[in-house]
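Engineer: Sequence:
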Amino acid sequence: MNASVIAIAGLIIYFLGYKFYARYLSEKIFKLDRNAPVPSSTMRDEVDYVPTNKYVLFGHHFASIAGAAPIVGPALAVIWGWLPAFLWVVLGSVFFGCVHDFSSLVVSMRNKAKSMGEISREIIGKKATIAYLIIMFFVLLLVLAVFLLVISGLLIEYPEVVFPVFSLMAIAVCTGLLIYRTSIGLGPASIAGIVLMVLAIWWGAGNPYPMPENTVLGSAKTTWIFLLAFYSLVASVLPVWLLLQPRDYLESFKLYAGLILLYGGIIITSPEIVAPALRLDVQGAPPVWPFLFITIACGALSGFHSIVSSGTSSKQIENEKDATCVGYCAMMGESILGLAAIIACTAGFRTTGDWLEHYSTWSSAAGLGSKLTAFVDGSASFISVFGIPLQVGKTFIALIIVAFAMTTLDSACRLGRYIVAEFGEEYSVPVLKNRYVGASIMACPAFILALGTYGGKPAGLILWPLFGTTNQLLASLVFATVTIYLFKKKKPTLFVAIPLVLVSITTLYAMLWNIKSYIQDENWILAIIGSTILIAGFVLIFLSCCAYLKTRKSAGLDLKGTAQG
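Residues in the sequence shown are numbered from 6 upward in steps of one, following the numbering used here.
Derived by calculation from the structure, the hints in this document are not laboratory data.
We put the beta carbon where it would ideally sit given N, CA and C, even for glycine.
Some clues are possibly wrong.
As the list claims (entries may be wrong) - Result set (EDC-like, lysine to aspartate or glutamate): computed pairs, CA atoms no more than 16 angstroms apart in a straight line:
1) Lys59 with Asp38
2) Lys36 with Glu325
3) Lys131 with Glu431
To be verified - Distance ranges between label pairs, derived from CB positions:
4) Lys131 with Ile196: 46 to 52 angstroms
5) Ile533 with Lys131: 24 to 30 angstroms
6) Lys494 with Thr47: 19 to 25 angstroms
7) Ser559 with Ala282: 48 to 54 angstroms
All chains should be built: construct the whole structure from the sequences, respecting the hints.
Structural biologist: Here it is in structure tokens:
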């Protein structure tokens, strides 16, 4: 199979999905109204609630959800063959992931920008709220801890990206001030920011800044982890328009450029996919079902995105109509990145033998470095058709990974701050509502997990296997909440009810399979935490079913009463 064929086929499906399905959801189901009041205006505080131009917000939302995960997941999942990964990434995003992100954004926007955990109190019941918040807190904590490890490792391996990554913070602050505190306007401010960003990349490519191996804080890795944790804490308490939003907005242009170059290189070179279409005899690999759908999360469907949609983006939507672009289309953009990762990791090798050597066993392919290397090398070979030297191409692709991992890092800390504040609201603990306290409660444990070790391995990585199933469990719970919300509004629910059933069955089976393997391996930490999350999931599903049946019964009685009257 030629890689350009599946690239073009995927892009056509994305276009049709946005053109028709997204329009159907926005106009026929949710009936978005440009003139309806939105939280960014009614609750404006210039810190978290800020009306934002849809293109700026799209860039911020896109960058927040498109970290390293849509690369890492597909880069591993192709071990089962390119076809299952292609189908789940492309069709899964159109009918599952985009719907999940868009619907959670709209429901939150129409409920004072509350998180899905808070909304569940009104829709499912008070008992559901705490379980929801625990699952969301755990997901965010794992994202923070693991991304601290990932980014610190990439900054050490690619010192050329240090200057561009950190200079962008100053550029973003200046851009934010130009947009919101001067009359210059979005266009000129954007151009100035992009030019400065390109100059920073150019300078960094020839001037690497490696961290000294021995510092006051110890090793280079320890120092980077501390600096990154401190940065995430500071960035999460600053007004969203000052750093987070303009930085993510500018970062998105970097990814646009990377995707254009990447897909252009794929179409021009038209490489053959050397990986098999389907491969089920992988040594040491779990079964393709359900684990394909757990391994590829952010490229197709991710519960983490609902935390972003209902945590930051719903507080910045300028009018309801913008939700389609921000919620549905941004997820589609991340899926396009996931498809690029599939192609890079299946057509970026010279021969089938080279591919089989890299993906010989599950353990050989599952390492983080192995997955990122396959993507970086494959992508650099594609964009070299434009005259970009191979090493420069590798640096540019690595910069994209680091930059977007950074956006996820500080967004996760800010979102965690919101979750901590909701705990404070639930249990009447005012101190937890303080944004500095909330940010510290997120950043400090993440720092400990990233730096600490257990059995010779980083503590964060030990817990990471729980992320995939917990993340998809959260997605199924979001589908449940949206289903009941729409049912109460007497709206069609089939488009969320079908994903709810399929994702719930898949995720719960995967969690049971994992817990069984943890017990067999006597990995009691993962077994206990996984079982706790599984129980919380079952409780939420049970409560959701009860709420649905209660709502259905009430609706039936009302209809009967109306008919009798």
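Engineer: Now tell me if each hint is right for this structure.
Structural biologist: Status of each hint after checking the structure:
no. : hint                                   : in the structure
1   : Lys59 with Asp38                       : holds, 15 angstroms
2   : Lys36 with Glu325                      : holds, 9 angstroms
3   : Lys131 with Glu431                     : holds, 9 angstroms
4   : Lys131 with Ile196: 46 to 52 angstroms : holds, 50 angstroms
5   : Ile533 with Lys131: 24 to 30 angstroms : holds, 26 angstroms
6   : Lys494 with Thr47: 19 to 25 angstroms  : holds, 20 angstroms
7   : Ser559 with Ala282: 48 to 54 angstroms : holds, 50 angstroms
Comparing the model with each numbered hint stated earlier shows that all of them hold.
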